[in-house]
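Here the protein sequences come in this chain order: H and F. Residues 1 to 178 (this note's numbering) are what the first sequence spells out, left to right. Residues 1 to 76 (this note's numbering) are what the second sequence spells out, left to right.
Hints listed in this document are in silico derivations from the structure and should not be mistaken for laboratory results. Any given hint could turn out to be false.
Stretches of chain F that chain H covers, calculated by requiring three or more beta carbons in the stretch to come under 8 Å of a beta carbon on chain H [said to hold, decoys possible]:
#, stretch
1, 32-41
2, 52-65
Capping the alpha-carbon separation at 25 Å, the derived lysine-lysine pairs in BS3-like fashion look like this [said to hold, decoys possible]:
#, chain 1, residue 1, chain 2, residue 2
3, H, K161, H, K7
4, H, K154, F, K50
5, H, K7, H, K121
6, H, K146, H, K121
7, H, K161, H, K121
8, H, K7, F, K73
Glycine residues also receive a C-beta, built at the ideal position from the N, C-alpha and C atoms.
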Amino acid sequence: MIDLHPKEEIILTVRRHWLIFIGEISALIIAFFLPIFFVVFSGYIHEAGVQYLSFSEITSTLIFISAAWISVLWMIFFVIFTDYYLDVLVITNQRIIDIEQAGLFARDIATAPLENIEDIKIEILGVMATAFNFGNLHLQTAGSDKEILIRGIKNPEFVKKLIMSTYQRETALSQNSK
Amino acid sequence: MLEKLNFSRNLVDIIGFTMPIIFISLIIVFLILAVILSYHWRKYGVGRLKAALFMLIYLIGGIVLVGVMAIAKLSY
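Excised from the complex, chain H in its bound form:
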């Protein structure tokens, strides 16, 4: 949960592009299909193992190993998914909150008030990023050498425009109220 300031409203919550997630689980997808080798080569495996184990014992063992393997992958998938899902950029009418979940037991939260943002740079690198419209967003903030970098964000151009328009609107509102 994010603790919002008084009169603070969430304008946009944005995650990394789903293709980034697919990239992160690509090794799992390949690993998921490994038990298919058991099916393809089951004839050879049975032939080689039948002198030591019965046909049903070999089959049961192969099914057990496959299910155990997929169970492990299933659990890893959910850890990666949670990491992906909890990595989020929140834009409010007062500030930007970059929440980065690193595994299950580490969480990094960077906050920058809108008025402290000096420069916003977007990077769209590569064919896939161009085709699917995702990229990196660099936020340079005042009073800090460290910039906030959000990788693989969906529609970075829109996010940049939204941050700028929100800042302009909030500045105009605060000037009007004075």
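Given chain H, put chain F in place with the hints provided.
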């Protein structure tokens, strides 16, 4: 011939001994992870409905796989 028979018996015993250990270990890890994931989804604002949906998918997938492992173990 006798050596082969001994090896065969040993192999059957080893697999029969290892299967329940792997089975129980996976169930324990699965349940611990369920608690950890549930905590994260609830605490970090996923929303109750979505958190419940994620947990349901996690549990259904896990139960199916554990069921397949149990059937394989029983038929061994």
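Okay, the hints, checked on the actual structure:
For the stretch 32-41 of chain F, the assignment as covered by chain H holds, since 5 residues bring a beta-carbon within under 8 Å of that chain's beta-carbons and 3 suffice. Counting residues of the stretch 52-65 of chain F whose CB falls under 8 Å from any CB of chain H gives 5; the rule of at least 3 is met. At roughly 22 Å between alpha-carbon atoms, K161 (chain H) and K7 (chain H) fall within 25 Å of each other, so this suggested pair holds. Proximity of K154 (chain H) to K50 (chain F) is assessed by CA-CA distance (about 21 Å); at most 25 Å being required, the pair is judged to hold.
Distance check on the hinted pair: K7 (chain H) and K121 (chain H) sit about 28 Å apart at the alpha-carbon level, beyond 25 Å; violated. Proximity of K146 (chain H) to K121 (chain H) is assessed by CA-CA distance (about 14 Å); at most 25 Å being required, the pair is judged to hold. At most 25 Å may separate the alpha-carbon atoms for a hinted pair to count; K161 (chain H) and K121 (chain H) meet this at roughly 11 Å. Pair hint K7 (chain H) plus K73 (chain F) does not hold up; C-alpha atoms about 59 Å apart against a cutoff of 25 Å.
The structure shown violates the earlier hints numbered 5 and 8.
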